[in-house]
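Q: Work out the full structure: start from the sequences and follow the hints.
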Amino acid sequence: MHFLAPALALFAVLVVAPPIIHLIGRQHAERRRFAAVVFLRRALERVARRHRLKQIVLIALRALAIAAVPLLLAKPFVERPSQLPASSAASQSAVIVLDNSLSMSFRSGSETLLDRAKARASELVHELGPDADAGLVLATGGRTVALTADRKQLAKAIRDVRATFLPTDLLSAVARAEELLQHASHLQRRVYVISDLAAHGLSGHAAPTENNIEYIDVTEAAPRNNLAIIDLRVDVENGGGMAVAIEIANFSDAAAKQLPVTLKVAGKAVARAFIDLDAHEKSLKRFKVEVDSGKQETVAVEAQIGADALKEDNTRLAVFSPSRRVRVLLVDGDPRDARRADELFYLQAALQEAARVDGTLQVRTSTVDRLSSVDLAQVDVVAMANVKYPIDSVELRLFVERGGGLLVSFGDNVDVEAANQSFGDLLPAELQAVRGAEGGRPESLALLPTQHPLAISLGAELADKSGLGAVQVSRYVLFRAPRKDAVELFRLSSGAPALLERRVGKGRVLAYCSTLDRDWNDLPIQPIFLPLIEQIVRSLGGGDSGETPRTGIVGRSYEVALADVDRVSVAWPSSRSKTFNLQKGMLQFSEGDEAGIYQIKKVTGETVAAFALGISPDESDLKPATLTSAPKLEAASLGPFKRSVELWHALGAALLLLLLGEAIVTRR
Amino acid sequence: MRSFEFLDPTALSKLGNLELRARTIVEGALAGLHRSPHHGSSVEFAEHKEYSPGDEIKFIDWKAYGKFDKYYIKRFEEETELSAYFLIDSSASMGYAGKAASKLDCARTITAALAYFLLKQQDQVGLVVFDEKLRAYLPPRARGGQLHELLRKLETLQAIGRSDLERALTYVSEVAKRRSLIVVLSDLFGSEQADEKEWQGLRHLLLSLRAMKHDVAVFQILDDDELTLPFSGTSLFEAMEEGSELLVDPDETRRAYRREIDRFVASYQQRFAEGDVEYHLVRSSDSPIDVVRDFLSGPLRRIR
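Here the protein sequences come in this chain order: R and S. Numbering follows my numbering, in which position 624 of the first sequence is assigned residue number 624; successive positions increment by one, without gaps. Position in the second sequence counted from 1, then plus 668, gives you my numbering.
Source of the hints: derived by calculation from the structure; they are not laboratory data. None of these values were measured; they are calculated from a predicted model. Please note that the accuracy of each hint is not assured.
[Claimed, not checked] So the derived label-pair ranges between C-beta atoms look like this:
{"#": "1", "chain 1": "S", "residue 1": "Glu-942", "chain 2": "R", "residue 2": "Arg-33", "range": "29 to 37 Å"}
{"#": "2", "chain 1": "S", "residue 1": "Thr-896", "chain 2": "R", "residue 2": "Val-69", "range": "33 to 41 Å"}
{"#": "3", "chain 1": "R", "residue 1": "Leu-14", "chain 2": "S", "residue 2": "Gly-869", "range": "58 to 66 Å"}
{"#": "4", "chain 1": "S", "residue 1": "Ser-935", "chain 2": "R", "residue 2": "Val-69", "range": "45 to 53 Å"}
{"#": "5", "chain 1": "R", "residue 1": "Ile-21", "chain 2": "S", "residue 2": "Ser-876", "range": "38 to 46 Å"}
{"#": "6", "chain 1": "S", "residue 1": "Leu-915", "chain 2": "R", "residue 2": "Pro-81", "range": "44 to 52 Å"}
{"#": "7", "chain 1": "S", "residue 1": "Gly-869", "chain 2": "R", "residue 2": "Ala-48", "range": "28 to 36 Å"}
[Stated by the list, open to error] Only some residues are given here: those of chain R computed to face chain S with a beta carbon under 10 Å:
{"#": "8", "residue": "Glu-30"}
{"#": "9", "residue": "Val-38"}
{"#": "10", "residue": "Arg-42"}
{"#": "11", "residue": "Ala-43"}
{"#": "12", "residue": "His-51"}
{"#": "13", "residue": "Arg-397"}
{"#": "14", "residue": "Leu-398"}
{"#": "15", "residue": "Arg-402"}
{"#": "16", "residue": "Arg-576"}
For glycine and all other residues, C-beta sits at the position ideal for the given N, C-alpha and C.
A: Below, the structure written as structure tokens:
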């Protein structure tokens with residue numbers, strides 16, 4: 001119990017007055033000589049118990065009544081636990097940040113955390129001061145309700161909030177709430193964050209804030225144990241099979257024993273295993289699944305683990321698309337007896353390694369002289385390394401226009417004029433001259449910002465210091481100005497284009513300014529060489545790159561390169577769909593808010609690709625936020641909150657009852 | 669209305685002379701009675717009384733009937749041979765005085781008045797004063813100096829000690845050789861705790877007295893305070909006989925106390941009735957004149 005005027009409460013010690021007066025009264029009782037004392041004694045024996053009880057009751061009533069007066073004047077109150085902070089009843093402008101992210105689907109008892117959060121939000125709206133106005137912001141970035149005094153509208157908006165698969169971004173939500181409060185009518189402005197306050201929702205840097213932020217933790221400090229599939233990778237196994245890797249995390253404080261893991265392909269369970277996971281441990285479970293090589297269509301792969309309080313992350317989907325075999329013809333422009341000196345030594349080695357790994361590349365070699373005898377219809381990609389021109393390029397042109405891919409690299413055999421005459425119109429840019437590095441200092445390569453699949457799949461590796469930056473180019477072919485339809489992918493440190501691509505007919509031509517052996521540069525001995533060459537060949541061959549991401553994360557942007565289409569429609573797992581225009585052959589899809597498989601279709605309805613969006617692994621980790629960068633979280637009380645309950649009204653009533661009781665008992 | 673009716677006990681107590689007080693009371697009592705209260709079958713004619721049903725026909729005065737055409741009964745002065753013993757309880761509890769005179773004073777006044785009357789009738793009057801012991805004894809006599817002797821003893825009485833009525837009655841049973849009237853004046857405190865066995869002893873004694881043709885009358889004298897417990901405020905009550913103390917809130921205890929005292933009075937009333945003993949409850953605030961008158965007109969007439 002607390003008091004507004006505690007000094008007055010000290011007078012409650014007067015509670016001892018009635019007993020003292022009683023005792024003093026006994027000592028000062030009037031003495032009477034009386035003859036019939038024996039009858040008094042008998043009478044007293046009869047009424048003694050009742051009399052003593054009455055005395056005690058009277059003394060107690062009087063003592064309590066006396067004590068009640070100073071306590072009443074001291075204005076007592078108690079603090080009782082509350083689901084909401086005490087500030088909620090104030091007159092204010094308030095914005096409620098309601099977390100409807102995936103982690104709020106965590107089930108606690110018979111309700112989800114979102115159900116509880118909505119209930120808290122509704123209570124909050126109900127309890128706001130009579131002239132308060134309030135708004136609503138969703139922590140997943142959804143709909144916003146501006147400040148309004150219309151409680152019904154706000155209550156309806158809260159009721160309409162649905163659980164999502166989206167990740168939490170409380171800091172952004174708080175920032176949006178503060179924007180709403182900028183034009184608030186009240187001086188008291190508060191942001192109420194109703195969330196599970198998991199650490200993943202409060203990561204990042206919080207901007208300083210002037211407003212009061214109240215955090216309401218709907219987990220009520222209950223354990224947040226969760227098991228989740230945080231990744232599902234499906235790769236092509238050498239020979240055409242499927243290699244599945246399921247990453248499972250135990251975000252609990254307790255170990256999980258014999259956790260069932262089920263793999264389904266096309267809706268049919270094909271494998272099942274049991275794993276043990278220690279607390280806070282992650283584990284990778286691999287499966288190999290045979291796939292009918294005759295079938296080329298995309299299939300859905302689904303991984304499942306046993307149920308827990310957050311069921312949404314117990315299932316994860318991926319898309320498996322059997323890779324199309326790419327047939328590559330390597331044309332050796334400078335064959336040598338010594339294998340290491342051969343122009344194709346590095347190129348052939350790189351592609352054969354890739355072919356060995358997944359079996360979807362078929363590599364064979366030829367020379368310029370024998371090129372005319374090759375049936376290009378049986379080839380998907382032609383790589384011409386340091387070829388001496390002129391050559392007959394008619395077949396080559398037809399090959400490209402029909403959809404073939406052509407990779408051209410240069411070397412000591414290059415004759416700029418002859419090359420331009422032979423197939424300069426095929427190249428992304430005509431050749432100008434052969435140059436050495438300026439000042440004798442070798443030049444390096446750099447990746448240009450682009451949405452090309454090559455950049456998307458290998459962007460991080462290429463941009464790494466050990467990637468293109470490590471390549472030293474001592475001699476190269478200087479291109480003339482690239483054609484308008486050409487795309488510059490790599491550039492030399494001098495600024496000259498290094499790798500150019502151009503679409504010709506249904507095919508594409510890629511020109512690299514230097515050699516694919518070590519004569520003019522050291523690219524072939526750099527770690528990036530092997531994946532780069534493989535990607536280039538797969539890209540030109542139109543097959544699955546093997547690295548093209550067919551999975552993404554709900555709430556994040558997903559990009560996919562699509563050939564031969566400008567406009568597609570995307571069908572959500574829930575069957576709703578929307579049409580998108582492609583930018584330079586790229587679909588940028590950032591509206592994925594469901595977990596599952598999305599279908600990309602041409603306007604004609606033909607499915608051209610599919611991808612799966614999974615839940616952000618961060619959302620599965622429900623560990624509570626620590627005192628990090630959340631705005632004012634350091635000073636915040638996460639509850640249970642306390643609310644003052646004034647007692648003096650009840651005490652006043654009690655005093656009246658005490659006085660009434662005293663009067664009644666006295667008269668009896 | 670006679671002037672004696674206005675003599676209340678307080679006014680009487682202010683009459684210091686006990687003899688004067690006795691005479692005043694007796695005259696007051698007699699004023700309310702027929703002039704000659706003692707009637708019997710003596711040979712000396714006393715008066716006429718108008719006949720009323722129940723009177724013996726043999727005493728009808730036919731001559732008077734001839735004169736007045738009404739029936740008159742002839743009544744005669746009786747020759748008295750009565751001895752009266754007045755047993756006065758002088759224990760400490762008899763000294764209690766509320767607003768009226770003390771109970772001992774009340775007993776003293778009643779005794780004096782009755783003794784005065786009886787001696788006037790040539791009866792013999794004796795006195796026994798007792799507490800737990802016999803404090804004084806005056807043998808019954810009818811001679812002229814007996815009244816003064818008795819009054820002198822009454823005036824010197826002091827309320828001390830406990831009460832032992834049985835001892836006093838035992839003594840009287842031994843000394844009273846002829847038919848006597850034994851009058852007990854006591855608050856009967858001290859024997860209030862008597863159990864049935866002890867009461868049986870007292871009852872046996874009373875029956876013995878009755879068997880000896882004695883008549884017994886008991887005046888239980890109680891103060892109004894003792895009957896009603898009118899006090900208020902927590903008080904420390906000191907017992908007058910035992911000296912013990914008791915802290916009591918009279919307001920809280922009054923009802924239970926009255927039940928106890930009523931039960932006490934009723935039990936003696938019933939027991940004396942069973943023992944053929946005349947019983948009178950006298951409040952010390954009662955007018956002695958009324959008390960004496962009632963006694964003279966009732967029990968004493970029957971005894972004679």
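Q: Each hint: holds or not?
A: Structure-based check of all given hints:
1. For S:Glu-942 and R:Arg-33, the Cβ-Cβ distance of about 34 Å falls inside the hinted range of 29 to 37 Å, so the restraint holds.
2. For the pair S:Thr-896 and R:Val-69, the beta carbons lie near 39 Å from each other, so the given range of 33 to 41 Å is met.
3. Between R:Leu-14 and S:Gly-869 the Cβ separation comes to about 59 Å, which falls inside the hinted range of 58 to 66 Å.
4. The given range of 45 to 53 Å is respected by S:Ser-935 and R:Val-69, whose C-beta atoms sit roughly 52 Å from each other.
5. Remark: the range hint 38 to 46 Å for R:Ile-21 to S:Ser-876 is contradicted by a beta-carbon distance near 58 Å.
6. At about 51 Å, the beta-carbon gap between S:Leu-915 and R:Pro-81 stays in the expected band of 44 to 52 Å.
7. Between S:Gly-869 and R:Ala-48 the CB atoms are about 32 Å apart, so this pair conforms to the stated range of 28 to 36 Å.
8. With a cut of 10 Å, the hint placing R:Glu-30 at the interface with chain S holds, because the nearest CB-to-CB distance is about 5 Å.
9. For R:Val-38, the suggested interface contact is upheld, since its CB lies about 6 Å from the closest CB of chain S, less than 10 Å.
10. Contact between R:Arg-42 and chain S, as hinted, is supported at the beta carbon level, the nearest pair being about 5 Å apart and thus within 10 Å.
11. Here the hint on R:Ala-43 is kept, as its CB sits about 4 Å from the closest CB of chain S, short of 10 Å.
12. Evaluation of the R:His-51 hint against chain S yields a held restraint, the C-beta minimum of about 5 Å falling below 10 Å.
13. Hint status for R:Arg-397 relative to chain S: violated, with the closest Cβ pair at about 128 Å, above 10 Å.
14. The restraint placing R:Leu-398 at the interface with chain S is violated, with a minimum CB-CB distance near 128 Å, outside the 10 Å limit.
15. Annotation: interface hint on R:Arg-402 violated; nearest CB of chain S at approximately 122 Å, more than 10 Å.
16. Proximity of R:Arg-576 to chain S is violated relative to the hint, the smallest CB-CB distance being about 87 Å (cut-off 10 Å).
In the structure shown, a violation is registered for the earlier hints numbered 5, 13, 14, 15, 16, in ascending order.
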